[in-house]
Amino acid sequence: MDPGALTSSLAITYVGHATVLLEMDGVRLLTDPLLRRRVGVLIRRGPPPPPAASRDLDAVLVSHAHLDHLDLPSLRLIDRRTPVVAPRGLGALLRRLGFTPLEMEAGGEVEIDGRAPSGDEVRASLTDKDGPPPAVAGAGAARVRIRAVPAAHSGRRHPFAGGSPALGFVVEGGLSVYFAGDTGLFEEMGDVGPVDVAVLPVGGWGPRLPDDHLGPLTAAEALRLLRPAACVPVHWGAVYPPWLPPRLNARWSEWPHAFARHAARLAPEVEVRVLRPGETTVFGRAEGAEAGSGGVGLGEVRAGAAGEETSR
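Here the working numbering is used: the first residue of the sequence shown is 1, the next is one more, and so on.
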């Protein structure tokens, strides 16, 4: 695809686990920040999160309250002026950290403006499913719309915590990207699309994957419902229990490649891009192409921290 013919671009950096930096037309969003070496019983293996991934953010997206997705020490590393889009019920916790929360339910929408690197004071308001989406204002001209969608996953922070839903998010600007968070396969997933790019979990960290987690096969089946032009598999290869036997380590590292093989069989029209933690890939929309139409390309993969220009 000729870069000069592109009308929009999307860079996706796989920071590790469910942490993904989305950069679309000047707007920077970070999902489920896990930015330290250890969380609970899990230890990060491989490169540390690139510091640039958590700087100058326009919003943080939190899919649910589990400790490996809502990590409070990691959030403390982020500018408190950054709005945090999160499921209903997590607002009080986020306010105690000094953030402006945007609590959402499935079907809700909010608009996020790009802002200057120095950070402007943001204005945040709750979304109204029956009215126009509120805007969180900054200094940039770019704007994306974030739509909360269901997830088939428990959202409780611990077994005895109060209820808070798990969500996925669709980010719509010049292109569209679906971040699934943690979820199992569910029939209504077809209502999420069409999207240009799906960011899907394909693994976990326990001895087996529960039904409320996508694995290599079920994530490939999800592609048939979502109908994206491309997919980036995540939730693998970054954090492990320290007692993990080497054979399981090797098995878990194989998950995204097993997913790619299943996807080639079940959804051959979808381009799968497997990123190692710390790598970035760039997508672009061709002029006149519609979401999910396949008019998405620019298959560059950059190694290293987000924003670096090294290629391979």
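No lab work stands behind these hints, which were simulated from the structure alone. Honestly, I wouldn't trust all of these hints.
Pair ranges (Cβ atoms, derived) [to be verified]:
| hint | residue 1 | residue 2 | range |
| --- | --- | --- | --- |
| 1 | 80 | 264 | 41 to 51 Å |
| 2 | 45 | 73 | 10 to 20 Å |
| 3 | 276 | 245 | 44 to 54 Å |
| 4 | 77 | 269 | 37 to 47 Å |
| 5 | 186 | 265 | 14 to 24 Å |
| 6 | 187 | 245 | 28 to 38 Å |
| 7 | 261 | 77 | 32 to 42 Å |
| 8 | 67 | 251 | 19 to 29 Å |
| 9 | 188 | 241 | 31 to 41 Å |
| 10 | 163 | 243 | 10 to 20 Å |
| 11 | 191 | 242 | 15 to 25 Å |
| 12 | 244 | 36 | 11 to 21 Å |
Glycine included, C-beta positions come from ideal geometry on N, C-alpha and C.
For this session: Return the numbers of the hints above that this structure violates; sort them in rising order.
Result: 3, 10, 11
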